[in-house]
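Chemist: Listed below, chain by chain, are the residues.
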Amino acid sequence: MLHTINKSPTERPSLLSCLRLAKAGSDILLIEDAVYAALSGTKFAEIIENSLNHHQFFVLEADLDCRGFGQSELIDGITMVDYTGFVSLAVKNDKVQAWL
Amino acid sequence: MTKRLMFVNRRAPYGTVYGMEALDATLAASAFGQDLSMAFVDDGVYQLKRNQNPSVLGIKHYTRTFAALDDFGVDHIFVEQESMMERGLKQEDLMEIFREDGSDALTIVSSSELSEIMETQDVIFQF
Amino acid sequence: MKFNILVNEGPYTHQASDTAYHFAKAAIDCGHEVIRVFFYHDGVNNATRFASPPVDDRDVIVRWTQLAESYDIDLAVCVAASLRRGVLGEDSAHQLGIAEVNLDDHFRVAGFGHFIEGAIVADRTLVFGD
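Residue numbers (the numbering used here), protein chains in the order written: chain A, 1 to 100; chain B, 1001 to 1127; chain C, 2001 to 2130.
Rather than coming from a laboratory, the hints here were simulated on the basis of the structure. Everything numeric in this text was worked out from a predicted model, so none of it was measured. Treat the hints with care, as some may be off.
One side only, chain C facing chain A, incomplete, derived with CB under 7 Å [claimed, not checked]: (1) Met2001; (2) Gln2015; (3) Phe2023; (4) Ala2026; (5) Cys2030; (6) Val2101; (7) Gly2111; (8) Arg2124; (9) Leu2126; (10) Gly2129.
We put the beta carbon where it would ideally sit given N, CA and C, even for glycine.
Build the full structure now, drawing on both the sequences and the hints.
Modeler: Structure representation (structure tokens):
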């Protein structure tokens, strides 16, 4: 399953809820305001770092770029994708669950 | 082919329209003879609280319709235990929902149980 | 692969409609098919023909209509959600005795069941909302 999250982790618990309910091995894509969760140095970074063994994390490049951040500010191990990459993730996984 | 469709409620009732429109969506889905279930996670568990009285604000008491979900082919209603605990809610705080045969339609499940159940779905709609 | 898409938010309040559009376009560019985009909740406001955004901003509604025209995508708004919010097609306006139709004619009014039907037929369903 592909999980998409679109909320900043400091605004809503969507990231934590997703991590609680996502099975190990599923992919997680951070879009819209959830791209802030992909940055190193936030209080959520450690939670994501500890989850990197169970999930592959992706972040939507346009949403990151749009908000003034880039590759160098990402937590190591998070992969940047464009919309084509988003489509590929949706195709590769058997279903997509949006954590709003 | 029958698909397994799950409607996941993560919002509290009344503050926003999502809970009510998620129910409308679930009822609309009942016409298609699919395998339907609902899950309540995060603030969504507040939708199941007993003794709601939205009439004081003139808002539709949509959560009453949960009692009829069995008639609409919603076989299972799952409530995530961790979300209840985070909010200090106990089973007796929640409304009772029965199937036609008298069995309890509401099942309290752990995160890991719900995670497994979600994995077996074909489509998951979150509201 | 067949995609079925749900948009739950209005065009200029939330990014959901933008993300849904860019995803749909990328899916089509990759050779996939978008069978339906269904607009629910405030998402029905993506279908009003009177929207007049300033020239320095994107025109979300025109973007959807151009995509639908180019690739024959079914754009559907939920009947109950659109009635609640005063987004009226010809039939609803006529029934309510309202002279003006504000639903853009690239969109049709449909029951939420059409989205469910899309989810049954499609290989993947994606929800974009708040």
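Chemist: Determine for every hint whether it applies to the structure shown.
Modeler: Hints, verified against the model:
A cut of 7 Å between beta carbons decides the hint on methionine 2001 (chain C): the least distance to chain A is about 6 Å, and the hint holds. At its closest, the beta carbon of glutamine 2015 (chain C) sits 5 Å from a beta carbon of chain A; the interface hint therefore holds under the 7 Å criterion. Nearest Cβ of chain A to the Cβ of phenylalanine 2023 (chain C): about 6 Å, under the 7 Å cut. The hint holds. Restraint check, alanine 2026 (chain C) versus chain A: the minimum CB separation of about 4 Å is within 7 Å; hint holds.
Evaluation of the cysteine 2030 (chain C) hint against chain A yields a held restraint, the C-beta minimum of about 5 Å falling below 7 Å. Taken as an interface hint, valine 2101 (chain C) does not check out: its beta carbon lies about 31 Å from the nearest beta carbon of chain A, beyond 7 Å. For glycine 2111 (chain C), the interface hint is violated, the least distance from its beta-carbon to any beta-carbon of chain A being 22 Å, above 7 Å. Evaluation of the arginine 2124 (chain C) hint against chain A yields a held restraint, the C-beta minimum of about 5 Å falling below 7 Å.
The criterion of a C-beta within 7 Å of any C-beta in chain A is met by leucine 2126 (chain C), whose closest approach is roughly 5 Å, and the hint holds. With a least beta-carbon distance of about 5 Å to chain A, the hint placing glycine 2129 (chain C) at the interface is held under the 7 Å criterion.
Hint check: violations occur at hints 6, 7; the rest are consistent with the structure.
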